[in-house]
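Asker: These are the residues of each chain, in order.
Protein chains: 2
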Amino acid sequence: MKIGIIGAGQLGRMLALAGYPLGLRFVFLDKTPEAPGGQVGQIIEGEFDDPAALARLAELTDVVTFDVENVPEAAVREIAEKVQFLPPVGALATAQDRLSEKRTFSALHIPTPRFLPVATREALELAVTQLGFPSVLKTRRMGYDGRGQRFLKGPEDVDDSWEALGRMPMILEAFVEFDTELSIIGVRRPSGDIRFYPLAENIHEEGILSYTRAPYVDGPLQDTAERYSRRLMEHLDYAGVLTIEFFVEGDQLLANEIAPRVHNSGHWTIEGAVTSQFENHIRAILDLPLGETRCNGHSAMVNLLGEMPELTDVLSLAGAHVHDYGKEPRPNRKLGHCTLVAPDSDERDRALSRLLELAGRSLR
Amino acid sequence: MKIGIIGAGQLGRMLALAGYPLGLRFVFLDKTPEAPGGQVGQIIEGEFDDPAALARLAELTDVVTFDVENVPEAAVREIAEKVQFLPPVGALATAQDRLSEKRTFSALHIPTPRFLPVATREALELAVTQLGFPSVLKTRRMGYDGRGQRFLKGPEDVDDSWEALGRMPMILEAFVEFDTELSIIGVRRPSGDIRFYPLAENIHEEGILSYTRAPYVDGPLQDTAERYSRRLMEHLDYAGVLTIEFFVEGDQLLANEIAPRVHNSGHWTIEGAVTSQFENHIRAILDLPLGETRCNGHSAMVNLLGEMPELTDVLSLAGAHVHDYGKEPRPNRKLGHCTLVAPDSDERDRALSRLLELAGRSLR
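In order, the protein sequence lines correspond to chains Z and C. Throughout the first sequence, residue numbering follows my numbering, covering 160 to 523 in sequence. Throughout the second sequence, residue numbering follows my numbering, covering 160 to 523 in sequence.
Same shape as in the complex, but just chain Z (with noise of 0.2 Å):
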C-alpha cells in the first residue's frame, strides 16, 4: 500500500520512517527533490497547490496526509475527491485560521484566551478597548513558529503591529500570565478508537519549541485535556494525531491551538512510548488498531536549531537518540532533535541539563 504524503519536512519524514516497517511505500509531494523526506522516499516535485503534482500524487497513492498545515484548502477538497484524505479537510480548515480554530474550541465549551476578530483597523481599536493591555494580535493565517504574531504591551504597539502583521484579517487575544505550557496527543481511528499520550511540558524560546519533556505527572490535568480532546476529535470525526497545546493558569487549561498532525511535542514518543505518534498516525489513517501509548520511563526532547551539535558529545549522554532531518543549516532553522529516555525524572533532567549546554540554551 502507497501513502502519499504533501510536504517532505522532518514530520514527513519521520512519518515514512514509522510505516516503513508496516511494508508501506511512501510518496512525497514538495518543491524539492532534498527535502528532509526526499531522502528517504519517492518525490514529487511540485508547490502544494500544483494541480497537475496533486493529481499526480493521489494517482500514485492509496491514501493522502499532510505533514504542513499550510495547504491550499481548495486544493485539497480537489485531491480529497480522487483518494482518500485524512486527517480530513475539515478539520484542516479548521486548523488553518485561528479564528474559526478559537470559535470552535468555545462551541465546543474548552476554555480559551478571550479573543475576538479583527478585520479592520477600527475593530481592532474596539477589541483593545475590550481585551486591554497586554493582549497578543495574531494574523488568522499562516502563523507558526512565533510567526505572524505581535506582543501588545500598550496602546503605542498597535499601530506599528497593524502594519507589520500586513493589515490582513487578524484576531486579537488576552495575553495569559501562564504557569507553563502543555500539549496533549490524541489519537482517532474513523472507526471510533482513541487513544491519549500523556501530557507534555513545553518550553519556547522567541515562539520555537525549545524542549519537551515527558510525561508531566497530573491526574486532573491529563484527563481534564483528554476530554477536551476527545470532544474536538469526535466533532471534527477525525482521523489521525491531533495535538492541542494548552497554557496552564493555576488548575485551568486554556486552549492555545491545534495541529490536524504530529507535532514537534510529540517527537519524544519514538524512543519514550511504546508505539510513537508517527506510527500511531499511519495506523490511523489506515484504520489499523491504534498502539499503545504508555510510556517507556521518562524523557525529554530538545529542538537542535541553527547548527547541530557534534554527534559525539550528543550521544555520549545517556539514553540519547539524535535525529537529524538533513536539512541545510540556517540560523534558528529545526535541524534535528535529541531526545533522552531515563528510567527516573531526575535522571532525565541531569542528561537534559548537559544536552541543553551542547545546544547553547539552558534549563528553565
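Hints are computed from structural coordinates only; laboratory data are not their basis. What you are looking at is a predicted structure, and each value in this text was computed from that prediction instead of being measured. No false leads were mixed into what you were given.
Note that identical chains are pooled: a pair holds if it fits in a single copy or bridges any two copies.
Listed below are the simulated DMTMM-like cross-link pairs for lysine to aspartate or glutamate, each with C-alpha atoms no more than 25 Å apart in a straight line:
hint, residue 1, residue 2
1, K161, E193
2, K486, D446
3, K161, E469
4, K161, E487
5, K161, D472
6, K312, E281
7, K493, E204
8, K312, E322
9, K161, E466
Here the structure of chain Z is known, so what remains is to put chain C in place on it, guided by the hints.
Answerer: Frame of chain Z; chain C shown alone:
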C-alpha cells in the same frame, strides 16, 4: 555520510531505517532492486562478488558493512583496501567456516560441543567412532537456517548424509541434549567500548528461529555469556554487533555459532531496548558512543514465515509492532516479524501465545 551495505535483505533494510535518523544515507549491493533494502535506499545491482559492483559501492560510500555472511572473502578483502570495511574481514572469515569458528572458541577457552574436522569419507568414519551417536554432520561453509546439516542417529545415516551434503569439507559435532538455546548480542566500538544486551531465549522449529523472548534473566549465565563474548570481540579486534548462539546444558553454556552482524534473535531490541541492535551496529562502525542496551519491559519476537497474518489481527495484540520486509511470500520464507513489549513476562507470554496462534504455531 554514506554507508554501504553488501546485501539488501531485511537486516540491511533495518540497518538503514535505524541509521536515517542519524542523518546517514545508504547504498546497498544486491541482485535485485526489489530486495527489502532497495525499497528504502539506493541499490547497486550485482552479485556479492562482482568486482565492478563492489568497486562502485566503495566509491559511493564512506564505510561498508554487510547483512549476509556468505560474501566471498576474496571479494571483501579487495573492497577493504578501498574503503573502511567493518566488522573486520578476519571476523567474517572466521564466521564463514564452522571449523575455524569452533577452533577459535576452543583457543579462547569458550566451551563448545565436541567436534572433529571431516575432510574425507574416511575421516568421517573415524570421527563417528570418536564422537558416537547421535551426532550432527555439517558442511564447513554456507550453512544457515538449518541448511547444510544432517542429524546422524546411527551408523545407517552416515552414507546418505555424506552424499546429501555434497561430499565437501565438513565438521562432525557431538549432539547436545540442550535444555534451551540462548544468544548474547554484544557491540564493540573500534576504540574498545563494549555493551551487551540481556540474553535472549530462542526457540527453533525445523532449523529456523520461530520465536525469541528477552530478557532471559539469569545472572550467572549473563555474566558467563558476556565474558565469552568480550573475549571473542577483543580477540577479533571487533567493531559492530556480534552474536553468539549457545546451547544451555545444566548451568553450562556451549557456544554453537557466531554471527558477525545484527541477528534475528535481536530484532526485539527495536522496541524492547533503549537502543536497537541496528542503531548500535551503525554507531559502532562509525566509532560513535554506543547506546544504552537496557530493556523496556519484557519482549517477544515472532518470525512471520511463509505468509503474513492479517495485520489487523496482529496489531490488536497489546504492545505489538509489525515489521513487514516487503518480500514475496514463499513457503517458510522470513517475510517479517512481530515484536511484543509488555510490562511483565506473564502479560508478554499471554500475548505471545495468541500471536503464535495467528502465525499457525504454538508456545513451546
